[in-house]
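A.B. asks: Listed here are the chains, written in short residue letters.
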Amino acid sequence: DTGVSQDPRHKITKRGQNVTFRCDPISEHNRLYWYRQTLGQGPEFLTYFQNEAQLEKSRLLSDRFSAERPKGSFSTLEIQRTEQGDSAMYLCASSVASGQETQYFGPGTRLLVL
Amino acid sequence: KNQVEQSPQSLIILEGKNCTLQCNYTVSPFSNLRWYKQDTGRGPVSLTIMTFSENTKSNGRYTATLDADTKQSSLHITASQLSDSASYICVVSAEYGNKLVFGAGTILRVKS
Chain L
1 DTGVSQDPRH KITKRGQNVT FRCDPISEHN RLYWYRQTLG QGPEFLTYFQ
51 NEAQLEKSRL LSDRFSAERP KGSFSTLEIQ RTEQGDSAMY LCASSVASGQ
101 ETQYFGPGTR LLVL
Chain G
1 KNQVEQSPQS LIILEGKNCT LQCNYTVSPF SNLRWYKQDT GRGPVSLTIM
51 TFSENTKSNG RYTATLDADT KQSSLHITAS QLSDSASYIC VVSAEYGNKL
101 VFGAGTILRV KS
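Here the protein sequences come in this chain order: L and G. Heads up: the first sequence begins at 1 in my numbering, then just goes up one per residue. Heads up: the second sequence begins at 1 in my numbering, then just goes up one per residue.
Simulated from the structure, these hints should not be mistaken for lab results. Idealized CB from N, CA, C, for every residue including glycine.
Listed next, with one range per pair, are the computed distances between beta-carbon atoms:
id: 1; chain 1: G; residue 1: Gln9; chain 2: L; residue 2: Lys71; range: 40 to 46 angstroms
id: 2; chain 1: G; residue 1: Thr78; chain 2: L; residue 2: Glu52; range: 41 to 47 angstroms
id: 3; chain 1: G; residue 1: Ser58; chain 2: L; residue 2: Lys57; range: 34 to 40 angstroms
id: 4; chain 1: G; residue 1: Leu82; chain 2: L; residue 2: Arg9; range: 21 to 27 angstroms
id: 5; chain 1: L; residue 1: Ser27; chain 2: G; residue 2: Lys99; range: 22 to 28 angstroms
id: 6; chain 1: L; residue 1: Glu56; chain 2: G; residue 2: Thr51; range: 18 to 24 angstroms
Based on the sequences and whatever the hints tell you, model everything.
C.D. replies: Rendered as structure tokens:
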């Protein structure tokens, strides 16, 4: 399968714990995006990378959130000191930078903070 | 503020019937509009993409329309199947095409 993959698919954690999610984009896609989706809502943009450079971060991305893409391939999203409000689906997407680029989404990581 | 509004919130139809989902947007500058299908617990999958100059685009039983003057789009599903049950999300790209503004989606349930 050459699509976008995310790991883990599900994560249950206790409030205050740290969690880290991984995203493997489609190979040769130079852009990688992170989104958060809560029940009944569309995805909300968190941040994106072009190669290894983090080009934009949403105001939704508090200082407890950090994302990296060290070698311009896979990316990690870490949430420190999780809160119940962090419970959501975290989606990753990748694309090739172009004028009408198509973002291909992964299956998401569903986080539940107890 | 860039916004995408969809209606209805949810819809139940019988297998074989047609349906139309609506999308209104206030996104500027407009780059393109997509409809995505999102199955429960999965990531969204792109169905159609339309730029400013395109009025209609088809993908099998899915036909999307775009009226850039009124900033409205619709997704028409013909001869619905049980597998069409999903959330359909209208997504508008702003600026250079990579800033996506998502609607909340319409949840479609097709019953036998």
